[in-house]
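*Asks:* Protein chains in written order, with the working numbering: chain A, 14 to 324; chain B, 20 to 198; chain C, 2 to 427.
By construction, these hints were calculated from the structure, which means they are not laboratory data.
Ideal Cβ positions, reconstructed from N, Cα and C, are used throughout, including at glycine.
Accuracy of the hints is not assured; some may be wrong.
[Claimed, not checked] Dumping the calculated EDC-like pairs for lysine to aspartate or glutamate here, alpha-carbon to alpha-carbon at most 16 Å:
#: 1; chain 1: B; residue 1: K48; chain 2: B; residue 2: D165
#: 2; chain 1: A; residue 1: K50; chain 2: B; residue 2: D165
#: 3; chain 1: A; residue 1: K190; chain 2: A; residue 2: D29
#: 4; chain 1: A; residue 1: K42; chain 2: B; residue 2: E136
#: 5; chain 1: A; residue 1: K41; chain 2: B; residue 2: D94
#: 6; chain 1: C; residue 1: K142; chain 2: C; residue 2: D171
#: 7; chain 1: A; residue 1: K50; chain 2: B; residue 2: E136
#: 8; chain 1: A; residue 1: K315; chain 2: B; residue 2: D94
#: 9; chain 1: C; residue 1: K398; chain 2: C; residue 2: D171
#: 10; chain 1: A; residue 1: K131; chain 2: A; residue 2: E160
[Claimed, not checked] Ranges of calculated distance between the beta carbons of each label pair, as one might list FRET restraints:
#: 11; chain 1: B; residue 1: I160; chain 2: A; residue 2: Y106; range: 39 to 45 Å
#: 12; chain 1: C; residue 1: L224; chain 2: A; residue 2: H241; range: 51 to 57 Å
#: 13; chain 1: A; residue 1: Y106; chain 2: B; residue 2: G115; range: 50 to 56 Å
#: 14; chain 1: C; residue 1: K113; chain 2: A; residue 2: K17; range: 52 to 58 Å
#: 15; chain 1: A; residue 1: K215; chain 2: B; residue 2: T127; range: 36 to 42 Å
#: 16; chain 1: B; residue 1: E22; chain 2: A; residue 2: K50; range: 42 to 48 Å
#: 17; chain 1: A; residue 1: D268; chain 2: B; residue 2: N170; range: 58 to 64 Å
#: 18; chain 1: A; residue 1: S67; chain 2: C; residue 2: T223; range: 31 to 37 Å
#: 19; chain 1: A; residue 1: Q236; chain 2: B; residue 2: I160; range: 53 to 59 Å
[Unchecked claim] A few chain A positions that, by computed beta-carbon distances, are all more than 10 Å from chain B:
#: 20; residue: L76
#: 21; residue: P121
#: 22; residue: G193
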Amino acid sequence: MLGKDLLGLYDTSAEDILSILDTAVGMKKLLTQNLKKLPHLQGRTVTTLFYENSTRTRCSFELAAKYLGAGTVNVSASSSSVQKGETLIDTGYTLDAMKNDVIVIRHPMGGAPHLLAKHVRASVINAGDGMNEHPTQALLDFYTMREKFGGFQGLKVAILGDIKHSRVAKSNVFGLKKLGAEVCLFAPGTLMPQGVERLGAKVARSREEALAGANVVMGLRIQLERMHGGLFPSLAEYSQYYGVGEDFLRFADKDCIVMHPGPVNRGVEFTSDVIDAPNSKITEQVLNGVAVRMALLFLLIKNRQGGEKNE
Amino acid sequence: MPEERLLMDGAAIGRMLARLSHEIVEKNKGTQDLCLVGIRRRGEFVARRIGAQIEKFYGDCVPCAGIDIGLYRDDLVSSFFVPDARANSLGFSIDGKSVVLCDDVLHTGRSVRAAIEAIFDLGRPACVRLLVLCDRGGREIPVSPDFVGKNIPASRRELIDVRLLEIEGEDSIGISLKE
Amino acid sequence: MNRLLVRGGTVVFSDHCTVCDILIEDGKIVQIAHCIEAEGATVLDASGLHVFPGLIDMHVHLREPGFEYKEDIASGSAAAVRGGFTQVCCMPNTQPVCDNAAVVGYIVARAKEVGLCKVRPIGAITVGEAGERLAEIGKMKQAGAVAISDDGKPVSDARMMRLAMEYASDFAMLCLSHCEDRSLADGGVVNEGYNSTLAGLKGIPRAAEEIMIAREILLAETLGKHVHICHVSTRGGVQLLREAKARGVAVTAETCPHYFTLTDDLILSYDANTKVNPPLREAADVAAIREGLRDGTIDCIVTDHAPHHRDEKMVEYNLAAFGISGLETSFSLSYTALVRAGILTLNELVEKMSANPARILGLEGGSLQEGMCADLMLADLDAEYKIDSKTFVSRGKNTPFNGRFVYGKVKYTIVDGQIKFCDEKN
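For reference, chain A alone in the conformation it holds in the complex (with noise of 0.2 Å):
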């Protein structure tokens, strides 16, 4: 049972990813229509604390709780903030304080959520700590995979880009082994964190090996900050030795899906002809961020209201 918090989707089980999941499915249906008018949570506030630059997450998540009647607040603490002005918890009781009742943090350091959630009344959502986790993104990706192919047991998902310092897709590695699917992963030695194969994670050597009769094609986000920091020497390498384009994607299922948690670098991590080919899911994957967005907030509420009525 989903419990106060989501922190991650390493201690959240595959039945309580699947409950969010079907949840998800009713709001989409709704948001298709364009319905945008749910009640739960009226009266109830959400607030969007950001001490990392996001506009898509926290502006899924804020129009999530708005479509559910729920009033929002953002907070957009600066990176500087962190380190001098009021500390994560003390942010956290001036927020309990307020009678806010859902926190969503985007930090650039991982565990701050879990810091928070253990300080805090109010509901934690983890939108992206640090290299730790973003489990609302591999939420809506596996909503995306879900939709197209029905289930994961035996999908082959490959994941390619910044394996190391993505959240993204621990969260997925954590999430597509528990509900069955394969992931196989390939980055360039600097962007391979250790021991991912004791997460359950296989690791390609050569991108034909990652995508070889892959239904899922994942790109994630290569950060200029890191070929900067000399992970990597220059984009136009990067892209000509593991990057995704048309040539490639021979060698996945010829019903793959292609996916990307955006922004993407058109002609990086995928040739424009790859983004913009009838089977990328990315625009979709945003609608369906919305929809499990407003699962996940719709069950933690729903989760905690037998509770604080003895309050």
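Fit chains B and C to the supplied structure of chain A, relying on the hints for placement.
*Replies:* What follows is chains B and C alone, placed relative to chain A:
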């Protein structure tokens, strides 16, 4: 299987629909600005039947549509479910119109309340009247029908089953004890 | 005349344990024998207890001057005697840095005033621990410093380290090296491996530690000087030391209780009390550290007592300060994990926690012999208790051991014949 008592057969329902359509036109002093909105799913068929009757008797085609009240139900929050609702689009404007809201059975009145809210989300009618095939009593909110097919006072343990040609293949109303 | 008779305890010598009495006069051990009769002496009934030479911790942070909100010499000394330590050597990363005779003198004077345990300052290798020019090692020695180290800020320049080892040896001052290649550590906060990937925290590879251990060994070997490696935490580090010792390099090494009791599985809780530098490693490293202690590759057990204010740990893991408050748990942890587990004998434990530190730094104490200073520690080895950081007298309550059950409770700590700590439950 509990025994059912048949209250109305197809012919009786046919006479009832004819009467109701006359009552509507009488009350509205004609068919001008009249439109029929049925609560999905049975109410929509009731509305269309009534519309057909009016057309038959008066030669005027009255706009008819169904309305989905899923998103307006008052138990969404308390029982926490995601409604399987459809977007409402009547295909005609209700602004300034006399809307006759149609349903099969009137019981607690909650559906009617939800439907009224749904209607007002679509425009501002001049008036809204309520037509039901049968009123079984047991109101929980102050709702009163303007046009009633048949008053069938029933206890909570009784089930009123309205069958329609479009759905069950026959027109009839029966009453039985709930299992 | 001030006389104290410690009666009936099991005395732990370097090679055996015997029940006997110890008579102390004016701060010196005057007689160790069976059934000593000493008229007028205060008698301390040690029956059922083990009598150890006072423990010596050659690696602590007392934070004074500059960071008294974390710890000061008084609270740190109180923690030391509560942990059974009669001498501690404090690292120079204070504010101002202990890189000159004045600060050394201040610490020595302040410790005397406090009058609990003996505090031996360690001077900085370079001015301000900046790694650029040598501190006044001679003057610091004269003022009371017992060794030099840039602990916490490793000397990254190999030439500077070479010069330090050469120059310091003129004054018989040992270089204690905190081994960490900063470029490889690269802002990491935990051990690099499966758990760092799992937790999404930046890892510090073992090689960051081992590269510098190898460098210090090679420098010591080339120059024919002695170097001491601080807080060894990796299996590779142990192996490097073992090989160096086998070919006769003058190298000694220490480790801390957390490196032979804890693994980096603990970081998955994001509890900042598990954040320490070097980081907690994996089970294979813990096993190698234990083996290194057993076969003598690792000479000493130190605490690297690093007290921090609660606010410095109640933050995001990345932002939290490195360190564990260790003085009050070291003996029990070591006794439980090493002696009770059959890895070391009680005599070998005393060697690691008292005799070797004394020998390596040329300090008094380290064993129980007639004529030596009367630094003693009495412990009840069969007493099991639960570690509770709330009871710490150190200001630093930062420990990952809270709630752990351990054996071996320190009952008395005697410094120069004076009882400086007595477990109040007696």
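*Asks:* Run every hint past the structure and note whether it holds.
*Replies:* Structure-based check of all given hints:
1. K48(B) - D165(B): holds (15 Å)
2. K50(A) - D165(B): violated (30 Å)
3. K190(A) - D29(A): holds (14 Å)
4. K42(A) - E136(B): Violated, because 21 Å separates the two Cα atoms, which is more than 16 Å.
5. K41(A) - D94(B): violated (21 Å)
6. K142(C) - D171(C): holds (11 Å)
7. K50(A) - E136(B): Holds, because 13 Å separates the two Cα atoms, which is no more than 16 Å.
8. K315(A) - D94(B): Holds: K315(A) and D94(B) sit about 14 Å apart, inside 16 Å.
9. K398(C) - D171(C): Between K398(C) and D171(C) the Cα gap is close to 40 Å, so the pair fails against 16 Å, i.e. violated.
10. K131(A) - E160(A): violated (35 Å)
11. I160(B) - Y106(A): 39 to 45 Å: Between I160(B) and Y106(A), where Cβ atoms are some 43 Å apart, the hint holds.
12. L224(C) - H241(A): 51 to 57 Å: violated (39 Å)
13. Y106(A) - G115(B): 50 to 56 Å: For G115(B) against Y106(A), whose Cβ atoms are near 55 Å apart, the range 50 to 56 Å holds.
14. K113(C) - K17(A): 52 to 58 Å: holds (54 Å)
15. K215(A) - T127(B): 36 to 42 Å: violated (58 Å)
16. E22(B) - K50(A): 42 to 48 Å: holds (44 Å)
17. D268(A) - N170(B): 58 to 64 Å: holds (60 Å)
18. S67(A) - T223(C): 31 to 37 Å: violated (53 Å)
19. Q236(A) - I160(B): 53 to 59 Å: holds (58 Å)
20. L76: holds (17 Å)
21. P121: holds (34 Å)
22. G193: holds (26 Å)
Hints 2, 4, 5, 9, 10, 12, 15, 18 from the list above are not met by this structure, while the remaining hints are.
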